[in-house]
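Engineer: Sequence:
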Amino acid sequence: MSNDTYRRFDPWRPSPVKEISRKQIIETHYFDVDHVTYESNQIGSFERYFIRENNGETVAVVALTEDGMIPLVEQYRLANHRWTLEIPAGHANMPSERPMEVAARKLAEEAGYEAGRLTQFARFMNTPGYSTQHTSVFFATDLKPAPRAEIGPETPRSDVRLLSIDDAYQMVINGTIADAKSVVAIMRLKLGIIDHLDD
1 MSNDTYRRFD
11 PWRPSPVKEI
21 SRKQIIETHY
31 FDVDHVTYES
41 NQIGSFERYF
51 IRENNGETVA
61 VVALTEDGMI
71 PLVEQYRLAN
81 HRWTLEIPAG
91 HANMPSERPM
101 EVAARKLAEE
111 AGYEAGRLTQ
121 FARFMNTPGY
131 STQHTSVFFA
141 TDLKPAPRAE
151 IGPETPRSDV
161 RLLSIDDAYQ
171 MVINGTIADA
181 KSVVAIMRLK
191 LGIIDHLDD
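In case it helps, UniProt numbering puts the sequence shown at residues 1 to 199.
In short, the hints are calculated from the structure, not lab data. Owing to the predicted nature of the structure, the values given are computational and were not obtained by experimental measurement. Careful, some of the hints might be misleading.
[To be verified] The calculated label-pair distances, taken between Cβ atoms and stated as ranges, are:
no., residue 1, residue 2, range
1, 146, 17, 45 to 53 Å
2, 162, 17, 47 to 55 Å
3, 190, 15, 36 to 44 Å
4, 187, 146, 23 to 31 Å
5, 77, 125, 17 to 25 Å
6, 97, 50, 22 to 30 Å
[To be verified] EDC-like, lysine to aspartate or glutamate: derived pairs with alpha carbons at most 20 Å apart:
no., residue 1, residue 2
7, 23, 39
8, 18, 34
9, 190, 179
10, 144, 109
11, 144, 159
12, 190, 166
13, 190, 167
14, 144, 67
15, 23, 34
16, 18, 47
17, 190, 67
18, 23, 53
19, 144, 66
20, 144, 114
21, 190, 66
Cβ atoms here follow ideal geometry from the backbone N, Cα and C, with glycine treated the same way.
Work out the full structure, taking the sequences as your base and the hints as a guide.
Structural biologist: Written as structure tokens, this is what we have:
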């Protein structure tokens with residue numbers, strides 16, 4: 001097999017399949033589930049199930065204190081039956097809430113900080129094989145203490161841990177921090193990419 005590519009990559013080139021029908025089968029606050037039927041020239045009709053986000057995409061925020069520490073939130077994740085260390089994140093409470101507003105709210109609610117400055121620096125697809133979910137990641141600086149809120153019944157007493165970039169990076173490498181948005185943000189910090197946001 002050749003490694004040569006004879007065309008430029010184009011993420012928007014025409015689809016190789018045709019959508020025939022779509023039916024919403026589950027509706028929740030954060031997402032819906034659709035049952036979709038497609039037609040393919042190779043195999044004919046086939047079906048898939050997709051998760052579709054509501055109220056905009058996921059918003060996450062990695063903050064850096066004046067002394068270079070990252071606030072990470074301990075959360076119990078029911079679906080995976082384990083505790084995680086994550087950067088603050090969440091969704092809009094209503095369609096009119098803007099991503100930067102979500103970032104500011106989640107930083108205060110979960111980590112206990114108000115940011116003097118918020119800058120979006122990344123956006124990625126979480127699970128493109130079966131979900132429309134995207135996550136926008138913001139960088140927060142000029143922090144001041146703010147009141148925290150309860151995260152939810154699954155994490156009644158969440159703790160915030162302040163870690164240096166190097167310590168957080170080591171926890172990514174050894175698998176202690178496994179949450180995707182937190183991994184993306186910490187790796188960006190470690191690589192120094194965020195240092196060039198004003199360039």
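Engineer: To test your reading of the hints: which numbers does this structure violate?
Structural biologist: Of the numbered hints, all hold.
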